[in-house]
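Each residue of the sequence shown is one higher than the last, beginning at 1 in full-length UniProt numbering.
These are computed hints drawn from the structure, not numbers from a lab. Computed from a prediction, not measured in an experiment: that's the story for all the values here. Among the clues, some could well be false.
Stated by the list, open to error - Simulated restraints, written as ranges between beta carbons of each label pair:
no., residue 1, residue 2, range
1, Glu44, Asn73, 41 to 49 Å
2, Asn85, Gly27, 34 to 42 Å
3, Gly34, Thr55, 19 to 27 Å
4, Ile4, Gly84, 16 to 24 Å
5, Glu44, Ser20, 31 to 39 Å
6, Thr2, His39, 32 to 40 Å
7, Trp72, Ile33, 15 to 23 Å
8, Gly27, Leu48, 33 to 41 Å
9, Glu51, Gly27, 24 to 32 Å
10, Leu46, Trp72, 14 to 22 Å
11, Ser20, Lys43, 33 to 41 Å
Yeah, the Cβ is synthetic: ideal placement off N, Cα and C, and Gly gets one too.
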Amino acid sequence: MTDIVELSNEKLNVEDVSKSVTLPNCGAVSLFIGTTRDHFDGKEVLSLQYEAYHTMAKKKMFEICQDIRNKWNVGKIALVHRLGNFIGTVHLSGKKIQNTFGRRKDVAISKCSNNLFLVINSFSKQYPIF
């Protein structure tokens, strides 16, 4: 199955990402939307810039997809991250992680939450987006 990894300078569209991972044989879609905070270390954040070396970042993102597949039985995976300058709009969504699972009963909310937490933690620490 082909995983979707994207880096975009455009606003991310939740519906488009969700549609890209929906499969007729999967009964659930799990989604994480990362947003920027308005503070860091007790200071107000006025702007934020995400940059990436595209080749390296996409390679790492595909490795994270493979790690997910090695741990869990998932359908499609989409890792999408927004790049660019966020001036005065620091609450915008910066990343989306979605995947599909074959059976809803196998994906209780706690399992989804735990899996997404592990993926997000890995995603945030490993790939070269600054």
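Structure-based check of all given hints:
Look at Glu44 against Asn73: about 43 Å separates their beta carbons, and that is inside 41 to 49 Å. Range check, Asn85 to Gly27: Cβ separation about 39 Å, and the 34 to 42 Å hint holds. For Gly34 and Thr55, the hinted distance range of 19 to 27 Å is satisfied, since their beta carbons lie about 22 Å from each other. Restraint check, Ile4 to Gly84: a C-beta distance of roughly 20 Å satisfies the suggested window 16 to 24 Å.
Distance hint check for Glu44 and Ser20: the Cβ-Cβ separation is about 35 Å, which falls inside the suggested range of 31 to 39 Å. Look at Thr2 against His39: about 39 Å separates their beta carbons, and that is inside 32 to 40 Å. Trp72 and Ile33 have their C-beta atoms about 20 Å apart, which keeps the hinted 15 to 23 Å range intact. In this structure the supplied range 33 to 41 Å holds for Gly27 paired with Leu48, their Cβ-Cβ distance being about 36 Å.
Range check, Glu51 to Gly27: about 38 Å between beta-carbon atoms, so the 24 to 32 Å window is missed. Evaluation of the 14 to 22 Å hint for Leu46 and Trp72 yields a failure: the beta carbon distance comes to about 39 Å. One distance hint, 33 to 41 Å for the beta-carbon pair Ser20 and Lys43, holds here, with the actual separation near 37 Å.
When each numbered hint is compared with the structure, violations occur for hints 9, 10.
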